[in-house]
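Once you have looked at the hints, place chains B and C on chain A.
Here the protein sequences come in this chain order: A, B and C. No gaps in the numbering here: position 132 of the first sequence is 132 in the working numbering, and each next residue is one more. No gaps in the numbering here: position 126 of the second sequence is 126 in the working numbering, and each next residue is one more. No gaps in the numbering here: position 124 of the third sequence is 124 in the working numbering, and each next residue is one more.
Everything labelled a hint here was simulated from the structure, so no lab data went into it. The structure presented is a predicted model; accordingly, all values stated were derived computationally and were not measured. There's no promise every hint is true.
Only pairs whose alpha carbons sit at most 20 Å apart, straight line, appear in this in silico DMTMM-like list of lysine to aspartate or glutamate [said to hold, decoys possible]:
(1) B:K95 <-> A:E134
(2) C:K246 <-> C:D280
(3) A:K45 <-> A:D97
(4) B:K25 <-> B:E102
(5) C:K246 <-> A:D51
(6) B:K104 <-> B:D62
(7) A:K147 <-> A:E158
(8) B:K24 <-> B:D169
(9) B:K130 <-> B:E98
(10) C:K246 <-> C:E257
(11) A:K147 <-> C:E67
(12) C:K246 <-> C:E281
(13) A:K143 <-> A:D69
(14) B:K130 <-> A:E150
(15) A:K86 <-> A:E134
(16) A:K45 <-> C:D280
(17) B:K130 <-> A:E158
(18) A:K137 <-> A:E150
(19) A:K143 <-> C:E67
(20) A:K147 <-> A:E63
(21) B:K95 <-> B:D135
(22) A:K45 <-> C:E223
(23) A:K45 <-> A:D15
(24) B:K104 <-> B:D129
(25) B:K95 <-> A:E158
Chain C stretches covered by chain B per the calculated footprint, using a threshold of three residues with CB under 8 Å from any CB of chain B [stated by the list, open to error]:
(26) 48-58
(27) 73-80
Glycine included, C-beta positions come from ideal geometry on N, C-alpha and C.
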Amino acid sequence: MMAAPSLDQVRRLLDVAPDAITVSRGMFVLMLEPVDLLDAVRLLKSELQFDLFLDVTAVDWLERSPRFDVVYHFYSTAHFARARLKVLVPAPDPVVDSLTTLYGSAHFMERECHEMHGIGFRGNDDLRPLLLYEGFKGHPLRKDYPKQYEQPLVPYRER
Amino acid sequence: MGSSTIPIRAVTDRSPAFEYFSTKKDELVGWARKFSLFPYPFVTACCAMEFMAVSSSPYDTDRFGAALPRFSPRQSDLLMVVGTLTHKQAPILLKVYEQMCEPKWVMAFGACATSGGFYQNYAAVAGIDKIIPVDVYVPGCPPRPETVIDAIMQLQDRIARSHHPILTDRF
Amino acid sequence: MQAITLPNPVRPNFRADTGGDVIVNIGPSHPATHGTIQVIAALDGEKVRRVDVHCGYLHRGFEKECESHTWTNLIPYVDRLNYCSGLINDFAYCEAVEALMEIEITPRCRYLRTLLSEYSRIADHLTCIAASLMELGAMTAFLYLVMIRDYIYEHLAALTGARVTYTYGRVGGLAQDVPDGWLLRLDEILDQYEDFTGRIHGLMDRNRIFIDRTRNVGVISPEDAVSWGFTGPILRSTGVPRDLRKDTPYLAYAELEFEVPVGINGDNYDRYYVRMREMDESVHMIRQLMDMLPDGPISVDDRRCVLPPKHLVYSEIESLINHFKLIMEGPQVPAGEVYTAHEAPNGELGFYLVSTGGGMPYRMHVRSPSFVHMGGLHRLLEGYQLADIIPTFGSVNMIGGECDR
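The following block holds chain A by itself, in its conformation from the complex (with noise of 0.2 Å):
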């Protein structure tokens, strides 16, 4: 097992500002500009052994600007260290670098984050829907969803 990497080796690695990385419940957290996306991860993976990619979610922040948080969950099997990342995009098009060049798993959870919030993942050429199915309108988990609407396949029968 190698050394944990501490604050200041993160934080000379990837070259951005010194308060966009913190120390957060034992992980590190990341505020990156979604343009430093890919580099970061490049990194991480390279340099500080992040190889297994756990999740890709977003958060839906309804009356700010910008409103969405596209949140990326890592860990290290080599030294056991957990990052968060944290890229906020903007609401009327979201769109965030895809994984999938460095990350196998990225393929299945970028699907879901898209048909879920409406991220694109640029780079990911496969965003049919998973969980929902085609023919679904809008995207359920953001805020301006009724969580009863439903789109149903068959038509309801007469009882």
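Coordinates of chains B and C only, in the frame set by chain A:
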């Protein structure tokens, strides 16, 4: 009292002999059908755990004749919808139901199949009876195996009591 | 990476070039795919050329439900994620909320949660192995394993009130303490477990048919496994000894002695054997925990989240109001975000919670291992025969509630 004509019924239509044989035939066919149910376990969610438990020891459904699952709808007569039905899965349930031949019965196994359970949102269908007709509803989340056995027995009573036309549409 | 899109017979608006292969649709109402996965395979004879995995047939809108229920009301929903091991989901979620509220649970609760997590792990692995062996035709093994699992269910029903979905964890502790005689019965069940699994080992381990069907089938290399996000027994079967209980210990795992079984080949046989050995390790851990269990309260004495005792609720107005507000508005969790991961029987189960203060979450996301494994399933299926799809799928232990949420 005015004069009223009493229609004379034909011998072959609704005569006491016909009624007697028809009732006995229904009892025989009902008995045979109720003890040889071939379930199609349309399993989706957590109720599958209780379905597995009720099909194996110690809560065996084989004692009720309902043990042999037939994984083709063409060969089964009891559709057990075990677990939540979502809108994405609904066309498949309808297709499976339509592929089954008469006589067929449907058991809504669990709270989600009965009424949607506590998933009242865009994704879950609030009860399978919005899509297909249901004969027995089994409450519980998931139901205890004894509840399922009780439901099978109630379904068997219903099958025993019902009318089973086998040769014509009246006999 | 080229997207794999095959025509989907169920959804007629897909179009793809099949190139002369036969397309077979397996599922989504199929006994062996646990009822909720559709695998569309392009076959060259019997050999699987390409596979397209469709999940989502059990998407029940869990994450949307989370935004309109209180933190405590969500525990039944969380249970139904990996329904084979409901307690682990409860405890992982409660730990995430406790991290946000900065509560430290009592020692007895910590040990009990560890014990029950391992007990749930045994139930999950029993279900997985029973189902996958039955799909290969070994009915006897299924009946033996489900018998033991039934003892476990009845035993947990004596503790929590329910057999499958327990709703036993609470923010700050547990719902109730273990009843008298529960630990004695636990000891009996563990002995019976050893007897039954001894029989399974005798039936399966050196069974020619079983070895032929599972050895070198569904092989994945360690690098591929990490790249495609596999964790848990699947990753361990490839030889990578990663286990959150050892690497980043949580609950009481740091104080327990246990080994992490790893496989050699990354095939179906290794996954079966890793799970069998993990169950043995869990039994070993439970026996240690039964001796170490301290006395004391099971819920922390924190009125922000734990209900006051009933006799106070009925006599004091403050406790009554406290109880009322906890039930109606939920525990008030300070604003912040947290990601907590536990080692679930399938892999890393993570809860990402975002709170803006208040009694309801703002956003909850579950990092479910089964979902990520479905993303990598095609690597396990391509290049093998059609008949190998079923055992491989069974060995991956996809649980629909967790995969589709």
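Given pair status - D129 (chain B), K104 (chain B), alpha carbons within 20 Å: Satisfied, since the Cα-Cα distance of roughly 15 Å is no more than 20 Å.
Restraint check for K137 (chain A) with E150 (chain A), where alpha carbons must lie at most 20 Å apart: holds (10 Å)
Agreement of K86 (chain A) and E134 (chain A) with the hint, judged by alpha carbon distance not exceeding 20 Å: This hinted pair is violated, its Cα atoms lying about 29 Å apart.
Hint consistency between K130 (chain B) and E158 (chain A) [alpha-carbon to alpha-carbon, up to 20 Å]: This hinted pair holds, its Cα atoms lying about 8 Å apart.
Holds or violated: K143 (chain A) to E67 (chain C), with C-alpha atoms at most 20 Å apart: Holds. K143 (chain A) to E67 (chain C) sits at ~9 Å (cutoff 20 Å).
20 Å limit on alpha-carbon distance, applied to hinted pair K130 (chain B) and E98 (chain B): Holds. K130 (chain B) to E98 (chain B) sits at ~15 Å (cutoff 20 Å).
Hinted pair K104 (chain B) and D62 (chain B), Cα distance within 20 Å: holds (19 Å)
Given pair status - D69 (chain A), K143 (chain A), alpha carbons within 20 Å: holds (13 Å)
Given hint D97 (chain A) paired with K45 (chain A) - CA-CA distance at most 20 Å: Given pair K45 (chain A), D97 (chain A) holds - Cα atoms ~16 Å apart, limit 20 Å.
Holds or violated: K45 (chain A) to E223 (chain C), with C-alpha atoms at most 20 Å apart: holds (13 Å)
Within 8 Å of chain B's CB atoms, at least three CB atoms from the region 73-80 of chain C: coverage verdict: holds (count 3)
Agreement of K24 (chain B) and D169 (chain B) with the hint, judged by alpha carbon distance not exceeding 20 Å: Holds, because 16 Å separates the two Cα atoms, which is no more than 20 Å.
The structure fails to meet hints 7, 15, 16 from the earlier list, while all remaining hints are met.
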